[in-house]
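Enquirer: The primary structure of each chain is shown beneath.
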Amino acid sequence: MIKACKKVLVGFGLIGIFIIVFGTASDVFAQASHLFRTYKHEVPPKLSETPDAVAEGKKIYEKRCWYCHGIEGKGDGPAAKTMFPKPRNFTRNEYKVRSTAFSSVPTDEDLFRIITSGIEGTAMPFWYTISEKERWQVLYYIKTFNDQFRKNDAIKTVSVGSVASTPESVARGQELFKEMRCFECHGEDGRGNGPLTVALQSEWNLPYRARDLTKGWLFKGGNTIEDIYRTISTGFNETPMGSYLEKLADEDRWHVAHYVKSIAKDMVSDVVIKAKLAEDDQLPIDASDANWDKATPVEIPLAGQIIATPRLWTPSIDAISVRAMYNKDEIVFLLEWDDATNKQEEVFRDGVSVQFPTKIPESLKKPYFAMGDSSGAVNLWSWKAYWHEGFGAIIEAQETESGEVSELNAKSFKNVTTQPPESQNVSGKGIYQNGRWKVVLKRSLKTDDVKGDIQFETGKLIPVALAAWDGSNSDTGAQKSVSAWYYVLLEKPVPRTIFAYVLVAIIMGASVELWFIARLRRFPPKLEENE
Amino acid sequence: MAKKRSAFLMIWVILAVICLFMFLKYASPKVFQILMAKSHPMPTPSTLMMWYMIMGVLAGLVYATTSNQKFADFLSFLLPSRGPIIKSLLQKILFVSFPVIVGWFVYSWSIPGAASPVELRIQHPTLPQEFEKLENPFRQKDADTQRKSIEEGKILFQTYCRPCHGSKADGNGPFANSFRLRPINFQDPGTIATVVDNYLFWRIKEGAPGLPSESTPWDSAMPSWKDDLKDDEIWMIIMGEYDTAGVMPRQTEKLE
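Each protein sequence line maps, in turn, to chains A and B. 504 is the number that the working numbering gives to position 504 of the first sequence; each next residue is one higher, with no gaps. 4 is the number that the working numbering gives to position 4 of the second sequence; each next residue is one higher, with no gaps.
For the record, the hints were derived by calculation from the structure and aren't laboratory data. Just so it is clear, CB atoms sit at the ideal spot from N, CA and C, and this is done for glycine as well. Don't take every hint at face value.
[As the list claims (entries may be wrong)] Example chain B residues on the side facing chain A (calculated, C-beta under 8 Å, incomplete):
hint, residue
1, Ile111
2, Pro163
3, Lys168
4, Asn172
5, Ala221
6, Asp228
7, Leu229
[To be verified] Pairs of lysine-lysine residues, derived as DSS-like cross-links and limited to a Cα-Cα distance of at most 27 Å, are as follows:
hint, chain 1, residue 1, chain 2, residue 2
8, A, Lys384, A, Lys414
9, A, Lys365, B, Lys205
10, B, Lys141, A, Lys59
11, A, Lys151, A, Lys46
12, B, Lys148, A, Lys40
13, B, Lys38, A, Lys220
14, B, Lys141, A, Lys414
15, A, Lys343, A, Lys265
16, A, Lys220, A, Lys156
17, B, Lys148, A, Lys58
18, A, Lys81, B, Lys148
[To be verified] Some chain B residues flagged as far from chain A (calculated, every beta-carbon gap over 12 Å):
hint, residue
19, Val100
20, Phe138
21, Leu156
22, Val195
23, Lys205
The task is simple: from the sequences and hints, build the whole structure.
Expert: Below, the structure is given as structure tokens:
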């Protein structure tokens, strides 16, 4: 009897293994992991500031730092030309992230923290890879560039306590955001599109871009509530972001910080954009349609196009949020990205493009993600903001004008063709609202142009890549922000039959179990007798 | 020899398998984060997880069948309950959960969905012949010229390569997060330290578009620099790149 049981049990074991194999294989969902840096607060005990330490610091500076910050600390290193924002000029008191009062120099601890953590969204890397001693030494050398460090004997720091966030506090913060006219730079929705910032940028071309407060991962000097409170209290030296230490009571600064924290979001990215099947066959064609809420947005990070000349080293668009929906005939995409201005010029115009391979790849090999290659063409859906005035004039794209949509094919940056009018199948429009472009693009799932157009199929992973242009950043042609290949999946609805399968499986599982137990109980293992 | 009898052997085996799963899924990412001093957890790869789980189940079965005695104990759990109340309770849970688990697995396989495809990376395509014979003109020069070429190369590296590969050549440039295939970390001893200068010369010159068709990845964002940089500048970048990363190139073997 035991032998028979063993056989049955081995069978069960095999079934179990089978279940594990498929069970684990089915949840292989690789998530794009964006390891944004965090502002590290803890500082070890200080090293004494001796001439030797400064001399050692000079060596470190001239090995690691001068390429960006310049040999004399003026922020004019040879690599600075491919950077925005530009590196700090250490001869001036431009220090942003400080715990000290406005226009005073930072404490040694502040400098240590920023060297350790780096600044997300800029070229400043984190330097916790060098020893603590080296970090102290190099910051003592950096201090020699600016005399103010020697004059400030007793630097006053702004104390940072902690106040818990409540809905009332957030609401009060929102009121104060208006009262204190924060929106003049940061914009009404906090997207850095306030009228002042926009005016400063275009008329004096000053490199001040108010922070997009919705992008929590790009806050300079960290995005914890204490960090935000500190920034509101101390301000950023030599920028329009002043200190609110005197202007607002301690409690009020906490309210504003809580409000800012409440609108700051994390980046939610994924490799697969899931196109939702529209339940009632009605596809949203307006960006403001409430039906878009049913589709999950995926945020796709962008970088400057630096693969082919002309390159864009200083992109201003860093992410696009994508949603997709489809019905039995058509598919529609909603693309949203933050842009401080909707200013257009004939050459430099805001735009976006969605790129697909011309056909769904059979193997893992796809066309080259940057405009395809000679062996793999890509299909591009391009949208450009509306333009109608004479050459050189700067105008604002009107909300009522939908922009131009065109369909193109490319086999490389140099080999781009616009499809003839009869095979232009994409339609769409864009609107600009509160610092955000929202563009809708629609096409039928299948077209007659089988060679040049992507033909959509449900349940297949279809590569997709994005590009965006910011007219006010002088983006044009290949000078654009780009993404790598992601995937769009036309989700199949959950079929009703699935519940029948599950029911059958449960019944089968139960009967096998009952049979086994019944058999076991009828012929229980009689071991004692054998022994 | 009196053997210790366990009426709950089956439960212990099941518990051990569940513990193994919990460890692999939740504890080991933390453990490896601490062991390898990373700033993020290190999730167990799903294929590895699958193999460990197979081994875990097999080990459980092997243990339960090491002796007839053990096996009888193992099965005896399913016999009509005569033991304490906890036994009959566990028995009921076991009887109910088996068909439920089977049903759940069937459900989770058949709901439509797709995993993002596994993308392989061949790190070292073979160096094309035309690059094999080249020599870095700065490697053999006097110390002073070498130092100058390194410094000149570091400036070029910081200007053109830094946005992706980072100021420290650690693959953490400001653009790095935006490419799904992350730029290579040159400080990693498995990267440029294992190749010769010529290999870098080829990759910088031709970039991703110049990769042979059989080499994945096709997603590499490595630019082709042949139209923008002179050969000497590329050799200097290589000198500066090794210095920034703090590693040395592999030396070509000399035949005596």
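Enquirer: Which numbered hints does this structure break?
Expert: Hints 7, 12, 14, 19 and 21 not satisfied by this model.
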